[in-house]
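If you want the building blocks of each chain, they are given just below.
Number of protein chains: 2
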Amino acid sequence: MFKTIGIAGLGLMGGSFAKALALLPAELRPKRILALDTNAKILEKAQDSGEIDEGFTPENAANMLSQCDFVILCLYPKASIEFLRKRRADFKCNSIVTDISGVKSALMRALPSILRDDVDFICGHPMAGSEKEGFSYADASIFKGRNYILMPLPSNKPENLTFFKELVLKLGFARITEATFHAHDHKVAFTSQLCHVIASALVDSAEDTEITAFGGGSYEDLTRIAMINAPLWTELFLANKSELIAHIDAFEVSLDKIKSYIQTEDSRSLKAALQSVREKRIAMVS
Amino acid sequence: MFKTIGIAGLGLMGGSFAKALALLPAELRPKRILALDTNAKILEKAQDSGEIDEGFTPENAANMLSQCDFVILCLYPKASIEFLRKRRADFKCNSIVTDISGVKSALMRALPSILRDDVDFICGHPMAGSEKEGFSYADASIFKGRNYILMPLPSNKPENLTFFKELVLKLGFARITEATFHAHDHKVAFTSQLCHVIASALVDSAEDTEITAFGGGSYEDLTRIAMINAPLWTELFLANKSELIAHIDAFEVSLDKIKSYIQTEDSRSLKAALQSVREKRIAMVS
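Read top to bottom, the protein sequences are chains W and E. Counting the first sequence from 1 gives a position; the working numbering is that position plus 26. Counting the second sequence from 1 gives a position; the working numbering is that position plus 26.
Some clues are possibly wrong.
Identical chains share a label here; the pair holds if one copy fits it or two copies do between them.
Pairs of lysine-lysine, BS3-like flavour, derived with a Cα cap of 30 Å [to be verified]:
{"no.": "1", "residue 1": "Lys283", "residue 2": "Lys196"}
{"no.": "2", "residue 1": "Lys104", "residue 2": "Lys285"}
{"no.": "3", "residue 1": "Lys267", "residue 2": "Lys283"}
{"no.": "4", "residue 1": "Lys297", "residue 2": "Lys104"}
{"no.": "5", "residue 1": "Lys297", "residue 2": "Lys112"}
{"no.": "6", "residue 1": "Lys158", "residue 2": "Lys297"}
{"no.": "7", "residue 1": "Lys29", "residue 2": "Lys71"}
{"no.": "8", "residue 1": "Lys196", "residue 2": "Lys267"}
{"no.": "9", "residue 1": "Lys283", "residue 2": "Lys158"}
{"no.": "10", "residue 1": "Lys104", "residue 2": "Lys283"}
{"no.": "11", "residue 1": "Lys267", "residue 2": "Lys285"}
Simulated from the structure, these hints should not be mistaken for lab results.
Chain W with its partners taken away, still in its complex shape (with noise of 0.2 Å):
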């Protein structure tokens, strides 16, 4: 398939990259997993495992990133754009990289100033997570079924992409969704961003903590993502804010004309709401 593969980060989401690439097939298998962190104990706990070939912390990074086919960035989006300027030097000839960074915007904007013309970058965003953090979590499945926003570049090699979409799949991913990054940032911050947000508000506003004895399912589910990285989100709230905002302000209307038929007791008109909106649920595939 490839030769070596490089992870920068191997917290929740670079551990379940090692994870999964390491549960392949042989013969789809990278001959070798490589991966960068700052804690040397879990480098040393994924190589034990065979997660991972060999680990490197940040003063070898130069070293990793020279033997490198293709590098995953798996790290928060500033750090991401911190990274790719620092290493410029440090990355291999023709080599592919790609970041998993939630909000595309300002690395965007950056990309041009910290690429070399010899290195392929794809702007890549996959749709997994889970409330819990670290390498720990890491788990090959949450890849499982989900989507992958692809936002494909000018510069980028047709053959890069087809191998990039191939190996997404083959990680588990359902679907892939291409998209220009802006609109990937606005869509975002929609499906994820405002999802956390409302989550967060709903925990914020509840009264006690005891109020899951009266739970039936939905509060839960709900809110289980306001089991939040705080400063992972805050960072990514702040990178989109102007799209997060505006789609704040829509659903409060939404709310608000719900709340103002509740309110009124308009039975017809908020019958006919939930009616519709019942009907754009079940024409939305999940």
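Since the structure of chain W is already known, use the hints to place chain E on it.
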């Protein structure tokens, strides 16, 4: 255990009770499971598959009720009250009656004038359900691990309450939460009705039904309950209007707080709010 049990309304919930009762081990299974429904075909189907022993249509309701030691009303809230009023004379002497409706204030106001002294009404609410409707989606497993809210009345016979609690646990419920009917309506307006309002608004505000091509699970999980039974939830929202409106208002305050941190790029307050939400959600049992 007891001789004859009757279920009024063989929809998703009534059907699930019938199936869960039919699946009990022989020494626990009631001698006869009877069901009342307007749809004779569904009664026939349930009888053919052994989930009920005999079906009754409304013109034979009195016949069924006169045989039942225990009756579970699985009707919409208003229909439950109407049923109790209309069938007042039909219940068997010293029988136990319960209903599953999701808002109790109107029922509790009506109860003194519509129940006979010898009939022991146990006020409960199974916190279980599905976004699917009707007997064909009925499934004993929807009760598994769920809460059952019990609102004991001073008139309830202790042995009947004991019987009821034991039965509920045998049907798969994991926890019985005791509350006053007022506390029930207040808490359930938050854990259930508010969540359905939010999920509905989140679907209402979606730009299109293609949005799930950009989904990562959060949107799908948050909006599954928006495949809503519009007539039922219209009735529930309006029956619990003041409690629900108060919770929507509180939720909007929390949402606006988070929105304002994003708007003003107050990274420090945003991170602190999310960290506090994370800890609060982790402290909730789910």
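Against the structure, the hints come out as follows:
1. For the identical chains of this complex, lysine 283 and lysine 196 are neighbours neither inside a copy (44 Å) nor across copies (42 Å), given an alpha-carbon limit of 30 Å.
2. Taking the closest pair of Cα atoms, lysine 104 and lysine 285 come within 30 Å of each other only across two copies (22 Å); inside a single copy the shortest separation is 39 Å, beyond that limit.
3. For the identical chains of this complex, lysine 267 and lysine 283 are neighbours both inside a copy (24 Å) and across copies (15 Å), given an alpha-carbon limit of 30 Å.
4. In this assembly of identical chains, lysine 297 and lysine 104 lie within 30 Å of each other by CA distance solely across copies; the values are 16 Å between and 45 Å within a copy.
5. When the C-alpha separation of lysine 297 and lysine 112 is checked against a cutoff of 30 Å, the pair qualifies only between copies, where the shortest distance is 27 Å, while the shortest distance within a copy is 57 Å.
6. In this assembly of identical chains, the alpha carbons of lysine 158 and lysine 297 lie at most 30 Å apart only when taken from different copies (17 Å versus 38 Å within one copy).
7. When the C-alpha separation of lysine 29 and lysine 71 is checked against a cutoff of 30 Å, the pair qualifies only within one copy, where the shortest distance is 23 Å, while the shortest distance between copies is 60 Å.
8. Neither within a single protomer nor between protomers do lysine 196 and lysine 267 lie at most 30 Å apart by alpha-carbon distance, with minima of 34 Å and 50 Å respectively.
9. In this assembly of identical chains, the alpha carbons of lysine 283 and lysine 158 lie at most 30 Å apart only when taken from different copies (25 Å versus 35 Å within one copy).
10. When the C-alpha separation of lysine 104 and lysine 283 is checked against a cutoff of 30 Å, the pair qualifies only between copies, where the shortest distance is 25 Å, while the shortest distance within a copy is 38 Å.
11. Taking identical chains as interchangeable, the C-alpha atoms of lysine 267 and lysine 285 lie at most 30 Å apart whether they share a chain (26 Å) or sit on different chains (10 Å).
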